[in-house]
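Protein chains in written order, with the numbering used here: chain A, 1 to 194; chain B, 1001 to 1175.
Hints in this document: simulated from the structure, not taken from any laboratory. All figures in this text were calculated on a predicted structure; none of them were measured in a lab. Virtual Cβ for every residue (Gly too), placed ideally from N, Cα, C. Where hints are given, some of them may not hold.
To be verified - Okay, the calculated bits of chain B under chain A, using three or more residues with CB under 8 Å as the criterion:
id	region
1	1007-1015
2	1025-1033
3	1091-1104
4	1133-1139
Single-letter residue listing:
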Amino acid sequence: MAPICGGMTAVMNEALDHAAHVLSAFLGTRLRWTAGVRISSHRLAELPALCGPEDTPVAAAFFEVRGDLTGYLLLAIPEPAAQEMVEQLLGVIEGEADQQLIDSTLGELGNVVGSAFLNVLADRFGITVAPSPPQVTWDMVGALLATLAGALAIRARDEWPVVHTQLQASGADLPLYLIWIPGQPIEQQREVKR
Amino acid sequence: MNRISIGLGEYRVGRAVDEEWTIYGLGSCVGLILCDPGRRVSAMAHVVLPEHHAASADEPAKFGDTVVPFLLHEMSRLGARREAIYAQLAGGARMLSFSELPDIGARNVAVVREQLALHGVPIVAERVGGTHGRTLSWDVRHGVATVKRVGAPAEVLTPQDYVFEEVAVVWRSYS
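Bound conformation, chain B alone (with noise of 0.2 Å):
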């Protein structure tokens, strides 16, 4: 399996690829993974800020409210269905406090919500806010989110429901 970071304003997409996508250490940005489980279809972005500003027209994935419609187009381009994507996200912490700064991580975490809401997506899974760092990785083959904090075992974030087929049936054999 390829494993593939992900750094600040990144994002991939791809459809059944053997490969493990990382964003290590995400303070107060946030990591969104979207997926169309049916085609096996998915994205994930490292979203630093809210907002974008006037000369960040050519990073969509940089930014809350950018990035969704982006993901969306970039993953109809393979082939997702729309209706059939859900959303995963974790990050948006508050790990240092800024004077003269808002809430960075809250922020990102609320825009991104905003533009899930907007454009139709559910979130199935979530690790957002506190205090603490957090590493998100996504098993583009298997579909499996996992979340990693310091001092903590790693935890799948995505539901049994929505991890694709042929491994939820492993995973109920087990259970």
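Just chain A, same shape as in the assembly (with noise of 0.2 Å):
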């Protein structure tokens, strides 16, 4: 893993605090950093590692981005808390809630992050971004990444830049993971608009 430094990191950071203060405001709680953002390269084979142990239960919500900026989005959650998470949004209590809306909640709370975060790269870097629908899914986050990972070893190349980092809502241990690997490395990216 190599870090990578540069005008990206600020952008990177101005992107994700936006996501955390708007998912503060959808989720009506105070989230913060617990890890910082990070940029680094990392090799294919690190990938499913990269938010703990392989087998953990997370739900997740998936983006494919195109247009003139490519890549993959991805919001995972450690399964409890999301469970928890949906709940308290739709105001029901544990076990009520049948998996459809779960899921579409769960997709609606991807949207509010993914597009909080999009937004300010396309508006910093002059560009659009046309991400697809949230895909939605309870597994292992390791067979996720494993799966991004598998779909970026078909370009031959072994190592991608990813941007990861890590939210907590205040006084509850509820880790979000965030985690967006460009589809084209960082430094061929467009210059940031001054």
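Could you fit the two chains together into a complex? Lean on the hints.
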């Protein structure tokens, strides 16, 4: 894993800060960074363990981003925390909401975070982004990340830049992982608008 | 027992060692186990993509079209007999859809199956496809593979007739 420096870090920080702010408003709680923003170059083999033990069950919202800026965006929340968060949003007691409603709410949560993050990138780069509808899944985080690694491996490159961070609700042990994998090297993306 | 994790594109070959090999979080990847039960020689690989490319000559276990002959060769060096080797596999799910990519999981499974057939290796058990992740473990000493999924109990993949003899006897005594 090699660090990537430069003005890109500031833009990613701004984008992730904005995502945290919007998500805080959506959830009605205060979110803060716990791990800081990391922009690093990773070997594909390292991706599955990026969020800790690979068999950890998570709820995830995944977006494929097209347009001027391409890449993959993944919001992953450990399963018990995700269930609790969605039930709080829906205002239901434990086990009352049906799975379709839970998935739909999680997709909306992903939309809120993903749009906030991508809008900042679009503004700063002066480009258009076109995220796919969210794909919601409840599964092992390592399996999701390994599937992403497989999709990237097709392009015959072994190292990819990865932007990742962790959010936490104040006073609660509810980590949220946000991962952005650009479809092209960060250095080759457009210069930030001044 | 030593527990060893096998990462993307990695493999392991061994003979009657007291180890458990595990591939955590198989999504579109395929976990392949080959075994000669008589000689107790095993191999396990974490296959990522169906076809190799020009820059990948040093990663034969990573690709469906190169993994089978490579593992068979490595196993023969430890004394395995080609005609006694059987296969088990898991993975190849479609957990995420990509607009410009084919179903990598299905393609991985298809190519591994083709290669096994080409080399005359029978598949005795598999859990492939679907949309969920799997963790595949192989108990090298006893010849027992297990598959785990989120929200489901661990399942023994290996048919009872294929586990190593002394283990099968114990199983029968309890059944």
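* Asked: What are the numbers of the hints that this structure violates, sorted from low to high?
  -> Violated: none.
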